[in-house]
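Colleague: These protein sequence lines map, in sequence, to chains A and B. Just so we're aligned: the first sequence equals residues 1 to 147 in the UniProt record's numbering. Just so we're aligned: the second sequence equals residues 1 to 334 in the UniProt record's numbering.
Possibly wrong hints are sitting among the right ones.
If we take Cβ atoms under 10 Å as the criterion, some of the chain B residues that face chain A in the derived model are [unchecked claim]: (1) F4; (2) I16; (3) V23; (4) G29; (5) D31; (6) T33; (7) P46; (8) I162; (9) K163; (10) P168; (11) L171; (12) A174.
Each computed DSS-like pair below joins lysine-lysine, with the alpha-carbon atoms no more than 27 Å apart [stated by the list, open to error]: (13) A:K89 / B:K39; (14) B:K261 / B:K248; (15) B:K299 / B:K264; (16) B:K237 / B:K79; (17) A:K89 / B:K248; (18) B:K264 / B:K237; (19) B:K61 / B:K79; (20) A:K89 / B:K24; (21) B:K207 / B:K180.
Quick caveat, the hints were computed from the structure, so don't treat them as lab data. This structure is a prediction, so every number in the text was calculated from the model and none was measured. Glycine is no exception: its CB is placed at the ideal position from the N, C-alpha and C atoms.
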Amino acid sequence: MTDMFVSLGNWNWLIFGFILMALEVVAPGVFLFWLGLAALLVGLISFTAVISWQIQLVMFAVFAAAAAPVWRRLGRPKPDAGASPFLNKRTEALLGREFTLEKPIIDGNGTVRIGDTVWRVAGPDTPAGTRVKVVHVDGANLTVAAA
Amino acid sequence: MSGFDIFAIVLVLLVIVTLIAGVKTVPQGYDWTIERFGKYTQTLSPGLNLIVPYFDRVGRKINMMEQVIDIPEQEVITKDNATVTVDGVAFYQVFDAAKASYEVANLNQAITVLTMTNIRSVMGSMDLDQVLSHRDEINERLLRVVDAAVSPWGVKVNRIEIKDIVPPADLVEAMGRQMKAERVKRADILAAEGQRQSEILRAEGAKQGQILQAEGRREAAFRDAEARERLAEAEAKATQAVSEAIAKGDVAALNYFIADKYIKAFGQFADAPNQKIIMLPMEATSMLGSLAGIGEIAKATFGESAASATAAARRTGSVPPTGSPPPAVPPRQG
Numbered sequence: 001m002t003d004m005f006v007s008l009g010n011w012n013w014l015i016f017g018f019i020l021m022a023l024e025v026v027a028p029g030v031f032l033f034w035l036g037l038a039a040l041l042v043g044l045i046s047f048t049a050v051i052s053w054q055i056q057l058v059m060f061a062v063f064a065a066a067a068a069p070v071w072r073r074l075g076r077p078k079p080d081a082g083a084s085p086f087l088n089k090r091t092e093a094l095l096g097r098e099f100t101l102e103k104p105i106i107d108g109n110g111t112v113r114i115g116d117t118v119w120r121v122a123g124p125d126t127p128a129g130t131r132v133k134v135v136h137v138d139g140a141n142l143t144v145a146a147a
Numbered sequence: 001m002s003g004f005d006i007f008a009i010v011l012v013l014l015v016i017v018t019l020i021a022g023v024k025t026v027p028q029g030y031d032w033t034i035e036r037f038g039k040y041t042q043t044l045s046p047g048l049n050l051i052v053p054y055f056d057r058v059g060r061k062i063n064m065m066e067q068v069i070d071i072p073e074q075e076v077i078t079k080d081n082a083t084v085t086v087d088g089v090a091f092y093q094v095f096d097a098a099k100a101s102y103e104v105a106n107l108n109q110a111i112t113v114l115t116m117t118n119i120r121s122v123m124g125s126m127d128l129d130q131v132l133s134h135r136d137e138i139n140e141r142l143l144r145v146v147d148a149a150v151s152p153w154g155v156k157v158n159r160i161e162i163k164d165i166v167p168p169a170d171l172v173e174a175m176g177r178q179m180k181a182e183r184v185k186r187a188d189i190l191a192a193e194g195q196r197q198s199e200i201l202r203a204e205g206a207k208q209g210q211i212l213q214a215e216g217r218r219e220a221a222f223r224d225a226e227a228r229e230r231l232a233e234a235e236a237k238a239t240q241a242v243s244e245a246i247a248k249g250d251v252a253a254l255n256y257f258i259a260d261k262y263i264k265a266f267g268q269f270a271d272a273p274n275q276k277i278i279m280l281p282m283e284a285t286s287m288l289g290s291l292a293g294i295g296e297i298a299k300a301t302f303g304e305s306a307a308s309a310t311a312a313a314r315r316t317g318s319v320p321p322t323g324s325p326p327p328a329v330p331p332r333q334g
């Protein structure tokens, strides 16, 4: 076993890297891909210069740790991207839409009817029946202003 | 194996373990809260996330999808003291994972209990009839109260539905009987009304018939009277004509007519098939005696002018018939 590793020499890193990448496809733990990249990088460097295996291991560890912030910056999708940006964010979808105030806003609280349910809204005091626009959303709390 | 060898191997293991611990994949529909040394710091949204291992750890995994909870069956006493069994469902959705995690200890239980107590207070303020017929109103009132109560927990209750309202069996039976009695009452009233209407119509018909009959009689009486008037007028005219004729001519002419009619009437008696015995009044013989007088008249008249006598006879004989039996003209002295 050890003989085999030794006989393969620097190829070990490249093989290890591709295996990690393949594993990523099978079991999406996600970060295996970046570990694979780190392994490939170590392999490529080891072909250009003669480095002891201990140093190669340390290099692998450093690359892997460095991959985290790099991946975080590059790989993270933008919050609003995707096929259904408002999935499970029902209130965000209401931003900018106009509704008729069902009950007047008194002391900052009133209600509007959206869909077949009633939403409590916050905003400046306004009489019932006024058209209001959703201007801010925080969780289940909608803030409105006269449209 | 040197110390550096072991260090290198351990370092690689540490980095790998750390990375695996720091990478968090949050599935769609969930939000994970992150606590740094036990204190909430941030919420992870669906997708890939990186946290700092050793400091941060995942706190709660909150379901952000709309969820339904069964409101268990409970007994509610309505305003008019009927005990009904009620159950329902509530739909809610978490909008703020941090509040839902840390502002309330057991969200599901809290919403369930809140809804149950509010069902009791809302339905307890209504009569049984109202409870059974105003389900929408109950739902709406429950929704408003419960939604306002859960909003500090970052939760929105979208809908509360009362599923079943079951009054006790004996009450249901009584309601059925009440319903039946109501229908029977309506049927009876309708039948009585129909009878009344028909009797009125019948009486009205009879009344109308009698009025029409009376009118007919009245009309007939009017016409009868008119006929009699006309008859009297005609008789008067005839009498006048005869008397005029007598005044102009001889009284003996009158006797001629009387005798003529008398004999004709007598002839009719003779013609009658079943009566051959004729009873004559005593005066009849004297009437027969007048026949001799007629002979004398004839002689006297024919002696002077036969032509003028016949002409006179024709004129008096042309009194128009009136339809009624010829009036017995009383012999006039003159």
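Colleague: Does each hint fit the structure? Answer for all of them.
Modeller: We went through each hint and held it up to the structure:
no. : hint            : verdict
1   : F4              : holds (5 Å)
2   : I16             : holds (7 Å)
3   : V23             : holds (5 Å)
4   : G29             : holds (6 Å)
5   : D31             : holds (8 Å)
6   : T33             : violated (13 Å)
7   : P46             : holds (7 Å)
8   : I162            : violated (16 Å)
9   : K163            : violated (17 Å)
10  : P168            : violated (32 Å)
11  : L171            : violated (32 Å)
12  : A174            : violated (36 Å)
13  : A:K89 / B:K39   : holds (25 Å)
14  : B:K261 / B:K248 : holds (22 Å)
15  : B:K299 / B:K264 : holds (22 Å)
16  : B:K237 / B:K79  : violated (102 Å)
17  : A:K89 / B:K248  : violated (138 Å)
18  : B:K264 / B:K237 : holds (25 Å)
19  : B:K61 / B:K79   : violated (43 Å)
20  : A:K89 / B:K24   : holds (20 Å)
21  : B:K207 / B:K180 : violated (41 Å)
In summary, the numbered hints that this structure violates are 6, 8, 9, 10, 11, 12, 16, 17, 19 and 21.
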